Amino acid sequence: IGLGSQTKDIAYIHKKVTFRELFALEVELYIVVVVAAYNMVQLGFGWFGTGQKTSNSKWLSYLLDQTAAYLVLAVTSAAAQHSLLVLTGSEELQWMKWCYKFTRFCFQIGSGIFFNYMAALLMIILSSLSAFNLFRLYSPKRYFHFKSSS
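Sequential numbering of the sequence shown, starting at 1, is according to the UniProt record's numbering.
Read the hints as simulated data drawn from the structure, not as lab findings. The structure presented is a predicted model; accordingly, all values stated were derived computationally and were not measured. Please note that a few of the clues may not be correct.
Claimed, not checked - Quick list of simulated restraints, FRET-style, between CB atoms:
hint : residue 1 : residue 2 : range
1    : Tyr70     : Thr103    : 38 to 44 Å
2    : Leu63     : Arg104    : 57 to 63 Å
3    : Phe107    : Ser139    : 51 to 57 Å
4    : Leu137    : Gly89     : 19 to 25 Å
5    : Pro140    : Val41     : 53 to 59 Å
6    : Leu43     : Lys147    : 24 to 30 Å
7    : Val33     : Leu84     : 22 to 28 Å
8    : Leu84     : Phe45     : 34 to 40 Å
9    : Phe48     : Ala74     : 28 to 34 Å
10   : Leu137    : Lys101    : 55 to 61 Å
11   : Thr103    : Leu43     : 32 to 38 Å
The beta carbon of each residue, even a glycine, is placed where N, CA and C say it ideally should be.
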């Protein structure tokens with residue numbers, strides 16, 4: 001999304017459209033970059049086997065995974081809604097349709113939003129694995145007691 005731009009001459013005016021024209025896309029880009037960095041750190045912890053030995057660290061991992069997954073889902077949905085406004089236009093808001101003039105830009109943004117939805121789906125699956133790793137430590141018969149302490 002950050003590389004999506006297109007330049008076109010419209011009525012003798014040189015117009016360049018970038019992702020910064022839509023605030024939701026800019027916010028989405030920054031949040032997705034932070035979440036990707038978090039996922040790389042988690043991957044490093046998992047790859048090298050350092051950490052997540054205690055239940056507190058598993059709780060932290062679970063909560064951060066949940067937050068990351070649903071934050072990406074929320075900002076991607078906001079960006080998709082904003083992009084739909086660009087696609088269809090709005091007479092009431094005096095917002096023109098961009099996609100019939102800047103088709104390549106719209107395809108780039110559309111594919112970026114699609115892949116962000118796929119990333120959100122994968123992070124929800126990862127969050128489910130994190131929940132499994134956390135809750136398998138607890139006894140199914142005693143509420144919030146570890147299996148070893150029964």
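Hints not upheld, ascending by number: 1, 2, 4, 5
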